[in-house]
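J.: Here the protein sequences come in this chain order: G and D.
Each residue of the first sequence is one higher than the one before, counting from 1 in the working numbering.
Each residue of the second sequence is one higher than the one before, counting from 1 in the working numbering.
To be clear, the hints were calculated from the coordinates, so they are not data collected in a lab.
Please note that a few of the clues may not be correct.
[Unchecked claim] List time: in silico SDA-like cross-link candidates among lysine to any residue, alpha-carbon distance up to 25 Å: (1) K98(G) <-> G16(G); (2) K68(G) <-> S52(G); (3) K59(G) <-> K57(D); (4) K98(G) <-> K15(D); (5) K98(G) <-> E68(D).
[Unchecked claim] Looking from chain G toward chain D, a few residues come up when the C-beta cut is under 8 Å (computed): (6) R12; (7) F46; (8) F92.
Yeah, the Cβ is synthetic: ideal placement off N, Cα and C, and Gly gets one too.
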Amino acid sequence: EDQVTQSPEALRLQEGESSSLNCSYTVSGLRGLFWYRQDPGKGPEFLFTLYSAGEEKEKERLKATLTKKESFLHITAPKPEDSATYLCASTFRGGSEKLVFGKGTKLTVNP
Amino acid sequence: GAGVSQSPSNKVTEKGKDVELRCDPISGHTALYWYRQSLGQGLEFLIYFQGNSAPDKSGLPSDRFSAERTGGSVSTLTIQRTQQEDSAVYLCASSPQTGNYGYTFGSGTRLTVV
């Protein structure tokens with residue numbers, strides 16, 4: 001069964017304390033790996049798409065990387081406004097257009 | 001509109017009643033998706049519309065769930081004879097074309113079945 005697993009479930013950081021979120025996937029024929037940010041009471045907001053191992057994408061304090069088995073979302077010198085739930089999702093060959101989502105990592109950045 | 005609009009934002013209904021949830025996608029977006037987010041669970045795919053093609057209904061959990069998209073724009077998700085396990089946030093998203101996964105989500109409809 002195609003699955004996406006995120007860890008940790010929750011992460012607390014001090015402002016400026018860099019860390020990484022993990023997304024491992026077991027899908028047959030990965031087509032794309034996606035990261036979203038979700039704030040309370042809102043829908044997910046698209047961040048990045050990665051298509052092949054070795055690919056990296058950056059946006060402000062966030063950098064996403066992809067290997068053949070997992071993706072990392074690196075957060076450098078986070079600020080309190082980076083607090084949110086970060087969702088990882090994948091599409092796979094034969095899976096139509098649907099995204100398979102992980103359960104997310106809830107990030108809290110304390111000032 | 002500037003974003004994906006969903007209504008109502010909150011809905012409380014009695015078990016056994018039917019409900020309709022509405023989604024207004026971004027103008028010109030041909031692909032429209034419905035997902036469900038339950039407490040402690042990931043987003044669960046329900047149904048996907050692309051242009052005039054037959055929708056992908058493979059994620060609908062039972063025949064109590066149905067959806068339509070009129071005129072390639074507004075979509076309605078209908079849940080008949082609601083059950084308590086239907087309580088969740090129902091999210092709609094749209095994108096300009098198939099394969100463009102930077103799609104824009106609405107803020108969702110929080111459905112509570114009592």
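J.: For each hint given before, does the structure comply? Return the numbers of the non-compliant ones in rising order.
T.: Of the numbered hints given earlier, those the structure breaks are 1, 3, 4, 6, 8, listed in rising order.
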